[in-house]
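Q: So the sequence lines, in the order shown, correspond to chains P and E.
First residue of the first sequence: 1, per the UniProt record's numbering; consecutive thereafter.
First residue of the second sequence: 1, per the UniProt record's numbering; consecutive thereafter.
Among the clues, some could well be false.
One copy or two, either will do: identical chains are not told apart, so a pair holds if it fits within one copy or between any two.
With a cut-off of at most 20 Å between alpha-carbon atoms, the simulated SDA-like pairs for lysine to any residue come out as follows [what the hints assert, rightly or not]: (1) 121 to 155; (2) 51 to 163; (3) 121 to 103; (4) 41 to 164; (5) 41 to 27; (6) 121 to 109; (7) 41 to 103.
Derived by calculation from the structure, the hints in this document are not laboratory data.
In this text the structure is predicted, and so the values were computed from the model without any measurement.
Spelled out from the first residue to the last, the chains are:
There are 2 protein chains.
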Amino acid sequence: MGRWEPDALGRLQQAALALYGEQGFDNTTVAEIAERAGLTKRTFFRYFTDKREVLFWGSQELEEGLASGVGAAPESAAPLDAVGAALEAASGFFEQRREWVVRRQRIITANPELHERELIKLASLTRAIAAALRDRGVDDPTATLTAKAGAAVFEVAFEQWTDETNQRPLQELIRGTLEEFRAVADAR
Amino acid sequence: MGRWEPDALGRLQQAALALYGEQGFDNTTVAEIAERAGLTKRTFFRYFTDKREVLFWGSQELEEGLASGVGAAPESAAPLDAVGAALEAASGFFEQRREWVVRRQRIITANPELHERELIKLASLTRAIAAALRDRGVDDPTATLTAKAGAAVFEVAFEQWTDETNQRPLQELIRGTLEEFRAVADAR
Numbered sequence: 001m002g003r004w005e006p007d008a009l010g011r012l013q014q015a016a017l018a019l020y021g022e023q024g025f026d027n028t029t030v031a032e033i034a035e036r037a038g039l040t041k042r043t044f045f046r047y048f049t050d051k052r053e054v055l056f057w058g059s060q061e062l063e064e065g066l067a068s069g070v071g072a073a074p075e076s077a078a079p080l081d082a083v084g085a086a087l088e089a090a091s092g093f094f095e096q097r098r099e100w101v102v103r104r105q106r107i108i109t110a111n112p113e114l115h116e117r118e119l120i121k122l123a124s125l126t127r128a129i130a131a132a133l134r135d136r137g138v139d140d141p142t143a144t145l146t147a148k149a150g151a152a153v154f155e156v157a158f159e160q161w162t163d164e165t166n167q168r169p170l171q172e173l174i175r176g177t178l179e180e181f182r183a184v185a186d187a188r
Numbered sequence: 001m002g003r004w005e006p007d008a009l010g011r012l013q014q015a016a017l018a019l020y021g022e023q024g025f026d027n028t029t030v031a032e033i034a035e036r037a038g039l040t041k042r043t044f045f046r047y048f049t050d051k052r053e054v055l056f057w058g059s060q061e062l063e064e065g066l067a068s069g070v071g072a073a074p075e076s077a078a079p080l081d082a083v084g085a086a087l088e089a090a091s092g093f094f095e096q097r098r099e100w101v102v103r104r105q106r107i108i109t110a111n112p113e114l115h116e117r118e119l120i121k122l123a124s125l126t127r128a129i130a131a132a133l134r135d136r137g138v139d140d141p142t143a144t145l146t147a148k149a150g151a152a153v154f155e156v157a158f159e160q161w162t163d164e165t166n167q168r169p170l171q172e173l174i175r176g177t178l179e180e181f182r183a184v185a186d187a188r
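Kindly produce the complete structure, drawing on both the sequences and the hints.
A: What follows is the structure, given as structure tokens:
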């Protein structure tokens, strides 16, 4: 049994992000992350399969949170409203760790491999939302189109929120972007 | 100078697709593709950087075609209508080679690495559409949201079109899916 390490997870995440920012993602090793966090490589691998996964930790939790948010919307809610409500409910997940998320985003944007990984996670998230809509009795193609609409709204709102000059809460940006999205679809 | 090989490109594409279908993408080598096509490896590398790119040949052409399609829409067209028109205009690109595209899609769906590559190409296509909208004077976030809406419509229509039982032309599926997409956004 390993020694109990107070907040090992948080220390590893902070150390990784600091090193990725200082010397680049590609140039950083797991050994360096563990050392910076004052922990062992073995402890690192208790939390993450590799150095990339440090940046995507929590995405499974987010996916499940969004799916259950879609399921929890009132029965009368239109599909896109159910998705909007789930996205708004998930905004706390990001607000709690805004500084970390903003720094993480800068690292991901700078690295094509990480950017690709982000696309794959977003596609997985979109499929989970579509599946949650189907569980509400929404048929395809509506379920898939609604999930993709939700993903588009989230991506755009998230990019605005992670802008360094941004002062608005993510929840408000999601709501505003959803309205802009409806306007895009309405314009003829 | 190499010998002139009649339709070397088409022969390599057909040979690659046949081998990927028969023995799997991972188990196929460039040497085998060239041999099946009755050509040399050297000829293969005149057309493709690697065996993966055989499946994504033409995506640059498609991207440019879509961007110029967006630019060619009447000045009065709403952003999403401009994108819809560009997608419909691009449908011929796929109709001309339907059998090849359908078989290609089956190979891509079965292979996670290829599926990731497809996501990356789609993200690039989406950025090209957004840039073409900005050139028409459409501001962000409308340009980005509209491009993502267009990509969602295209993906869903394309999936229906590549279904083996499908009899409807891609252009008609794009038009119908765009209407469904508008209904999704309208429902409250």
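Q: Taking the hints in turn, state whether each one holds.
A: Evaluated hints:
| no. | hint | verdict |
| --- | --- | --- |
| 1 | 121 to 155 | both (12 Å within a copy, 17 Å between copies) |
| 2 | 51 to 163 | neither (25 Å within a copy, 39 Å between copies) |
| 3 | 121 to 103 | within (18 Å within a copy, 26 Å between copies) |
| 4 | 41 to 164 | neither (33 Å within a copy, 50 Å between copies) |
| 5 | 41 to 27 | within (17 Å within a copy, 35 Å between copies) |
| 6 | 121 to 109 | both (14 Å within a copy, 17 Å between copies) |
| 7 | 41 to 103 | neither (23 Å within a copy, 45 Å between copies) |
Of the numbered hints given earlier, the model fails hints 2, 4, 7; all others are met.
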